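Working from the sequences, and respecting the hints, build out all of it.
Chains as they are written, first to last, in our numbering: chain P, 13 to 425; chain X, 13 to 425; chain R, 13 to 425; chain U, 13 to 425.
Note that these hints are calculated values from the structure, not bench results.
Identical copies look the same in the list; a pair holds intra-copy or inter-copy alike.
Subject to a maximum C-alpha distance of 27 angstroms in a straight line, what follows is the list of computed DSS-like cross-link-like pairs (lysine-lysine):
| # | residue 1 | residue 2 |
| --- | --- | --- |
| 1 | 37 | 21 |
| 2 | 71 | 239 |
| 3 | 71 | 412 |
| 4 | 37 | 354 |
| 5 | 37 | 394 |
| 6 | 274 | 37 |
| 7 | 205 | 264 |
| 8 | 38 | 22 |
| 9 | 354 | 38 |
| 10 | 372 | 274 |
| 11 | 120 | 239 |
| 12 | 38 | 21 |
| 13 | 120 | 244 |
| 14 | 205 | 274 |
| 15 | 20 | 354 |
| 16 | 20 | 38 |
| 17 | 274 | 21 |
| 18 | 22 | 274 |
| 19 | 22 | 37 |
| 20 | 372 | 244 |
| 21 | 244 | 207 |
| 22 | 38 | 372 |
Only a predicted model underlies this, so the values are computations on that prediction, with no experimental measurement involved.
In case you want the letters, here they are:
Protein chains: 4
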Amino acid sequence: MTVEIDGKKKNICVEGIRDRPLPTKKVEIVERKGIGHPDSVSDALAEEVSKALCRMYMKEFGHVLHHNTDETQIAAGQAAPRFGGGCIIDPSYILLVGRATTHIGEEKDYMSLPCKPVALKAARDYLRRTFPFLDIESEVVLDARIGQGSDDLTGVYKASGVHANDTSFGVGYAPYSITDRLVLGTEEYINGKLKNEMKGTGQDVKVMASRIDEEITLTVACAMVDKEIGDKGAYVSAVEELHARAEENALKIIDASGLDVKLRMDVNTGDDYDRGVYYLTCTGMSQEMGDDGSVGRGNRCNGLITPYRPMSMEATSGKNPITHIGKIYNVMSNLIANDIAKSTGPDAEIHVRLLSQIGKPVSEPLNASVQIISEDQAQVAKWRSEAESITFDWLDNIDKVTELIVSGKVRTF
Amino acid sequence: MTVEIDGKKKNICVEGIRDRPLPTKKVEIVERKGIGHPDSVSDALAEEVSKALCRMYMKEFGHVLHHNTDETQIAAGQAAPRFGGGCIIDPSYILLVGRATTHIGEEKDYMSLPCKPVALKAARDYLRRTFPFLDIESEVVLDARIGQGSDDLTGVYKASGVHANDTSFGVGYAPYSITDRLVLGTEEYINGKLKNEMKGTGQDVKVMASRIDEEITLTVACAMVDKEIGDKGAYVSAVEELHARAEENALKIIDASGLDVKLRMDVNTGDDYDRGVYYLTCTGMSQEMGDDGSVGRGNRCNGLITPYRPMSMEATSGKNPITHIGKIYNVMSNLIANDIAKSTGPDAEIHVRLLSQIGKPVSEPLNASVQIISEDQAQVAKWRSEAESITFDWLDNIDKVTELIVSGKVRTF
Amino acid sequence: MTVEIDGKKKNICVEGIRDRPLPTKKVEIVERKGIGHPDSVSDALAEEVSKALCRMYMKEFGHVLHHNTDETQIAAGQAAPRFGGGCIIDPSYILLVGRATTHIGEEKDYMSLPCKPVALKAARDYLRRTFPFLDIESEVVLDARIGQGSDDLTGVYKASGVHANDTSFGVGYAPYSITDRLVLGTEEYINGKLKNEMKGTGQDVKVMASRIDEEITLTVACAMVDKEIGDKGAYVSAVEELHARAEENALKIIDASGLDVKLRMDVNTGDDYDRGVYYLTCTGMSQEMGDDGSVGRGNRCNGLITPYRPMSMEATSGKNPITHIGKIYNVMSNLIANDIAKSTGPDAEIHVRLLSQIGKPVSEPLNASVQIISEDQAQVAKWRSEAESITFDWLDNIDKVTELIVSGKVRTF
Amino acid sequence: MTVEIDGKKKNICVEGIRDRPLPTKKVEIVERKGIGHPDSVSDALAEEVSKALCRMYMKEFGHVLHHNTDETQIAAGQAAPRFGGGCIIDPSYILLVGRATTHIGEEKDYMSLPCKPVALKAARDYLRRTFPFLDIESEVVLDARIGQGSDDLTGVYKASGVHANDTSFGVGYAPYSITDRLVLGTEEYINGKLKNEMKGTGQDVKVMASRIDEEITLTVACAMVDKEIGDKGAYVSAVEELHARAEENALKIIDASGLDVKLRMDVNTGDDYDRGVYYLTCTGMSQEMGDDGSVGRGNRCNGLITPYRPMSMEATSGKNPITHIGKIYNVMSNLIANDIAKSTGPDAEIHVRLLSQIGKPVSEPLNASVQIISEDQAQVAKWRSEAESITFDWLDNIDKVTELIVSGKVRTF
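This is how it looks when you write it as structure tokens:
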């Protein structure tokens, strides 16, 4: 189980599992909570706060100091949406929670750091640039309970190697199935390109897919924005247009895949026009009324919720990207799985699970478990050594993971 | 005790008191908490919130609806000021408290109103335009607990007359003594004209005057701003310049009065340069560290705290200017006293106290008590009828008081 | 102006004012907010917190350490009172605000102190033992923002003398007028003896007196408790009984005074039985719905609000009783005034105002001003030296004031 | 895919998967956060609040009204633990979040409900009876942001069938592996029987298991309680005793299973006696310092975190047990899986996933997917119809699930 390269040893265990990869099985369920869903807003704020703290620490000291801001609670407000433009009655409440290094040094080298202001600023900036229909001056109350701590100047990042802060694990898989890609692609389309053409669509978009054999049902819920939609007729038209465009986009994804998949899409199925029920909001975000949110309850760090795949309960967003296993191992598991999947192609499904030991170097997990699920186990023998060396390589280059995270090049939700 | 004019009767009692006016007595103490003092910040926010609600109600309905936002609590933050520029570690926390009409009408006329957003916006706007060294994005947490209520469309303002919401009273006096004018004029100078010339002076300015006979001691405490002051030497110079300029301004006030008064001024007497104690702040506001604040604990509505004068305990700031006796009667008492004082000149001191009865029209106090304090009681007979008619007139024109308040033409703290 | 005794000098200024004492003047207004009024609840909690901290510090170190907990904000909840027993929908929110010494010593002598837990415990205990109809488990949310600081072991209490923490003043007067005594006596009766006989009366009692010549109108507002009052009839009877008993009690006070005073009493005048308006509550406290509260906005430290008397704006409750001028000088002014009034008898009115200088010993005010208001100024010459020595004596025994406060032997609201 | 029984049709899909059940695979990771872990405290409070609301609604109306209280945020406090007994400096902060029906009926049938008080009471009661070392009077601040809503009297529970509130899913598996049972049994032992014998062990216990082939490593972290442990020696002894007893208990579980498993156990591996690092707390809960918590980030509703098994991201705790798919389908998936596993025995692993459609009856999922994982697929044919009828039966008896939840007979975390 030990892989040794250039004299370095790591506990890597590559295992072949004789089974069909998920995309060829009968049933699959995949979900994505869009960027405006309160759980995703929480994830994003936690991550923005951590990234801003990282930048501050690196600017002041050249390396990241201890912090962990992986909790954010959103308590819904109260709104009175109305065709043509209603109003927020009670702002939603956002509480940033965590801890950070606020003091370092002794006596005359003693130095204080503005962690809470940095956190609040980062959160406010994110909300402002991401949610055009939310007035952050008045429609949200932003508070922080970020515990303060002190640290010595050496920080958590030492030449001697960074040590795991906890006994924890990370989980990843690859490649994305067509169901995965449809879910991800649909949300990204609605919150991306479509926004230029349809202003009335809010950011709170939830996509759920259920595949049975070759038939995929995509259920899309999209908060519509009252001030952009003048009346019921306009609402009905907007939902129809959204439906048509999102379906067209999904069909393109299917076409590009070359797979033979039947698509069915439902949009805003909770609506009931006869009874006057519309998914109408003032801000395009359901946290304005009735929907609370918190970190780590939505998408895993590959952007999806996949009950037919292995998942970690650890919140990836908001943890520091140096010592926090719950973050690094989750991100790295996906990176490893993706790289291995590139070798194996679509005939295999890759599961990666990394388990840490508290106090041991992050680069030396107690157990790096790679599963290659394929009906053709003969192939596994060929893939094994490639898989081992990919895994070894990522473990030996933890810094690259940290850099990818801090620079925002990998998603965390 | 009843004054009748054009068939209208009001309980007005004008009383002569044979005594010397305060300015000729031996001792006088006067204090003003400047606009950056946490109690004044609280007063201002409460009043800004009320004014913004008034404007919203008037825009939507043509008249003001019930509200009372006369409480704001500021809990100090934590700061690490440093010559040249330190940082805020923990933002101060501001909680707006009160109640407002958030819903009116029934069924299809039912309408929701954005009271909390309006309140938060007003508070944020005030902080932004008043305190240039406070980053309201990150150095303050602004929260609101404004209870919601409903109202019928008629509002509180009816042709039949507005009724007192409480058994309460208002108190005022006039004219200002030279001590009063020095205290007021010194704070206004430091937070006004001087700002163009001395950026290093913050808004938290406290002026205390003690007069014994003709000698007035002015004690000034002014928070200095770290980012504008590079080192200890610059601090010492800045305080000296502040002292010189404020003294010059005070002497001008004395000269203009034609009175024979000796002035002594002390500035930042809490400093102790040898022990390294400076009144240095990041934001020019002591609420950044160690100084909490709340509404109604500072200046009365003439801008001063005057323990040798009659005072009301009722907070003037934040109450609605239609039915709230604690606001209208305080403001009106001062207006009446000032008008009477214009007639009597400096030889008399005027005290006005208005007592309401809950449920009775605001224009008909249980008791409007006017005291004319003068050694020359022969004069009082002459002044009496003028005093009565001035008082009657203001009571008969409550609307004018409301307008002066809503338009910001009278101060409330 | 300097009084010297046994070689010690103090700035004491006793001044005769030729005027009638207030009780013989035409008009007088006096108010008391009872112990259940939200402003009084705030005062009490602030003071309880301070006393509990004093006890903790004295137990651990033998003397009091720095603290100042003179702010508490109560934001009203929401209630649905109903004859026979309604319910609280939204608890009132109580925020304790201030700062305290949480850390002392260095290195191995470093010691942490449980200030916030002590504060929360003290507040909870007070609410529990004072308000029998409030379920503190569920009908109130108690929070604290008490800033933490460190101190050296010597504390604020040194043999060399305690120094004023601020440029501030205290104000007191004596003796109580019959109006004062009626107001105080009525609230104390309703919240005292009467409780055994009339369970339906809550603690939120407000008494307002207006005297014109010899006629005193007492307006009493008393929150009634729904679970003790079965229906409208019972309510009407209860208010009538309250009226009768309170009036009887007031007449006894008048009789005992030997003064010729006419009394009129109104109880719960805001009620309107025809329109179904009753002053009915679930908890006997108006903070359950619609009435916010904070420290220092209600009674002065003699238990009254007296716009015809000199008053201090400084909140007495919650400040530390060692260095905080706003507390010690307010309490001491009243003690001095009372002692002098015992000498002069009812023919004189005594006003005392003590002004501190920041950094100077508390025992040496910048100015201790005593005014003896009497028409018989010949007497003043006789009283003067007694007044000076009483004042000197209290200033020379600050410790006695502190002891009286910590042991709860003087009121602060 | 449709199963029809007695004329009722349900979409049930039983699928055989030719694979080894997990216990026979090479690697397995299982974790449990004990009842004192902040994520579990959050889960428990959310669930206690929901159960208390259910009881209140059932008492008042005979059925449960709409509510969803599945969010709770714990922000860590600050503590200074010390052998023999330290102190809490800053209480932890617990915010209950969600919404509930606070008003029903119209006009004279209008009725208010004390949801927040009921929630606060339930939370306080749970903390008091579960955590003997936490003084809930002073060492925790409990707040609630529970949005209020109105409902008609019929509630959510109608004869015509309850409808899904969301497009969501539930996931379960069975049977427990030996690794599962060791993790669950170890935490339950330490927080159960052991407490009578070892008072120094706190409730914050975390158990992580890693199985590789037949070797299971159990890593136990248990917060120790300072006031029960006099010094370092006592701490070392206590951890040794804990280790010995927990190991003995684990070996009994293994013995009872008849399986050939090698056990290794590590306890409090984060300690470093040389550097003076101990897992010492004042309250036995790490939320006192440094560890935040929230709902749905810890154990799934079978009490475990199992990255090698299918899991749902939906928080089970705190949701209403009538309409909330995230709760009912998670609990029911486990019930179904367990019942099927009783038929199949240990040679098969059962995965159940239930997917709802918003607005459709809860009893009619869009898709009830049952997977029978076994190398002996011949058997699957035999098990299939039993699996279908078990699944059908549970779906047809949703009420039983609700009853099990409300009566606390199934766990949610």
